[in-house]
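Residue-level listing of the chains:
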Amino acid sequence: MIEVRSVKKKYGRVQALNDFSLQVPRGALFGLVGPNGAGKSTLLKILATLIRPDAGAALIDGKDVRRNSRSVRTIVGYQPDIPGLYQQMSVEQYLEFFAGAFHLRGEQKKDAVRRALEHSGFEDRRHDEVEALSFGMKQRLLLAKTLIHNPRVLLLDEPATGLDPLARIQLRDQLRALQQGGVTILISSHILSDLEDICTDVVFIGAGKNISLPNGARREANAESSSLLCEMEILGDAASASRAAETFAGAKVMRSSGKALQVEISGGEEQAAALLHHLVTAGIAVTRFTSRGPGLEEVYKDIFGGPRP
Amino acid sequence: MNPMIWKELQQRMRERRAWLLPTIYLLVLGAIVTFVYYTTVVEESRYSQHELRGAEIGVAIFFGTVYTQLGLLLLIAPALSAGSITIEKEQRTLSGLLTSLLTLLEIWWGKFVASLLLMVLLLVVSLPVLSLGLAMGGFGVREMTMAAITTLIIVASMNAVGLYCSSLFQRSIYATTISYAITIALVVITAVAAAMWQASHRGLGQDEFAHFKVWLYPNPFFFLTLAFAPQSKLFPDWYISAGIFVLIGVSVGVLTLLQLRRAGEKV
Chain A
1 MIEVRSVKKK YGRVQALNDF SLQVPRGALF GLVGPNGAGK STLLKILATL
51 IRPDAGAALI DGKDVRRNSR SVRTIVGYQP DIPGLYQQMS VEQYLEFFAG
101 AFHLRGEQKK DAVRRALEHS GFEDRRHDEV EALSFGMKQR LLLAKTLIHN
151 PRVLLLDEPA TGLDPLARIQ LRDQLRALQQ GGVTILISSH ILSDLEDICT
201 DVVFIGAGKN ISLPNGARRE ANAESSSLLC EMEILGDAAS ASRAAETFAG
251 AKVMRSSGKA LQVEISGGEE QAAALLHHLV TAGIAVTRFT SRGPGLEEVY
301 KDIFGGPRP
Chain B
1 MNPMIWKELQ QRMRERRAWL LPTIYLLVLG AIVTFVYYTT VVEESRYSQH
51 ELRGAEIGVA IFFGTVYTQL GLLLLIAPAL SAGSITIEKE QRTLSGLLTS
101 LLTLLEIWWG KFVASLLLMV LLLVVSLPVL SLGLAMGGFG VREMTMAAIT
151 TLIIVASMNA VGLYCSSLFQ RSIYATTISY AITIALVVIT AVAAAMWQAS
201 HRGLGQDEFA HFKVWLYPNP FFFLTLAFAP QSKLFPDWYI SAGIFVLIGV
251 SVGVLTLLQL RRAGEKV
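If you're matching them up, the sequences are chains A and B in order.
With the working numbering as the guide, the letters of the first sequence map in order to residues 1 to 309.
With the working numbering as the guide, the letters of the second sequence map in order to residues 1 to 267.
Pulled out of the complex, with its shape left as it was, chain A reads as follows (with noise of 0.2 Å):
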């Protein structure tokens, strides 16, 4: 559905995109994963046809953005990373000219607008102005007007910045919704947690380039490096816990404070039992035990090198 071939976009002397290749297949949700002008955003504005890139080329459904840039807009619904508003209009107001942008006329209109009021929850307040509106439900009102003409492909740039957790967590169900409706979207966050939620795959992106694993190959590559991570709460001072994991072979105490207690050890899940068994043999109480790979974070942090100062 997506597929961008070794795309090149320079800013001046800032290379943004330096061979960036990738593939979205139909109806995936893929999040866009990377630092600060890892050229995130440089990418979905070349999807969405804002910007030209100086070499490769991007398509969308097998149209070239660069030479069929309205056919793709028909087809794309993007919101950027700072999105604005025009404050003065009515939240109906600002849905009709929209869909009147995309060029959507009488019957088609007015469905187009009420199925959109319908779905952000604006019924009630369709006359009140977008300036009165608060944070969430701008972000809301943003994204109805970003599926006003019923785009198959979602391009969203931080759209989770500024929410509120309910807010977060309308979106995350907005998406998979959408998603399961069969609509191929390509969300870049900042918020892991969400993407590793929601996504069916995340890509990495760092100085221009795609420098991630697909989901299997890094499962495979997970596995291969068999290390997890054991999350466990004891009854009583986990001090004493964390000195008895120390001695099991192959683990490492990442944390301990209070109850909690967590500790990476190398090896798949008949070790993670092990640990256990060796903890409780050690007279260790454990109310609580859990054990999973690494997360999307931890590979963040093992691609990018740690978080930032």
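FYI, nobody ran anything at the bench for these hints, they're computed from the structure.
None of these values were measured; they are calculated from a predicted model.
Among the hints, erroneous ones may be present.
[What the hints assert, rightly or not] Cut-off 20 Å, straight-line C-alpha distance, at most; resulting in silico cross-link-like pairs (PhoX-like, lysine-lysine):
1) Lys209(A) with Lys301(A)
2) Lys266(B) with Lys10(A)
3) Lys63(A) with Lys8(A)
4) Lys8(A) with Lys213(B)
5) Lys233(B) with Lys213(B)
6) Lys301(A) with Lys252(A)
Got chain A; can you put chain B on it based on the hints?
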């Protein structure tokens, strides 16, 4: 209807200046007409030997109104148009327009027409003031029509210049400043250049005026003056001036579209 025009008008009509502008405009025009009437009647009756006729007052009111009107519209045009595109950049709404199915021409046309319609509104509200002079005689519908057409051409051209400045800059303040600078250049620099040329080329007779006029063709007030020539003498001067203003408008219109094409890089 182009949704851009509708959107622009909706937004502009919600602003305070939508009613403030025509009010101030009419107050200034009213004050000028009163001043012209007073000076014509009082001064003429004091110094003139013959009895003052209504037509003379009518002509004075007419010229006072149309020239003041042009001056006011030249002041207003940059304020209405130069912020048109920059505001989309400032509010971060331009990307929404550029990724919609609106063509660049539709975006430009929407903004151009919306600004121009507001200036047409000002022209229309001044009609009662002009009709006051019309009742007194001395000028007719032809002069009124020519004044309106000429003013409209000038204002449309300056409107396009304002939009071009708006596409060039990221901030409204810069776009408006440059737009005013261009307006001042057309009004003042052309007049000064013509005066300097005349001072340095005295004694050329008929040729002197022909060359002198060249400097003034792009001057809005000179163009308006040319509109009052008899029908048979409109050609070529009025047409040359009209051509220059149309050319300015079309050229900056094309340049604006080129700027908008590159605007995606900056949003």
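Now for the hints, and whether the structure bears them out:
no.: 1; hint: Lys209(A) with Lys301(A); verdict: 17 Å, holds
no.: 2; hint: Lys266(B) with Lys10(A); verdict: 13 Å, holds
no.: 3; hint: Lys63(A) with Lys8(A); verdict: 18 Å, holds
no.: 4; hint: Lys8(A) with Lys213(B); verdict: 54 Å, violated
no.: 5; hint: Lys233(B) with Lys213(B); verdict: 15 Å, holds
no.: 6; hint: Lys301(A) with Lys252(A); verdict: 18 Å, holds
Hint 4 from the list above is the single one not met by this structure.
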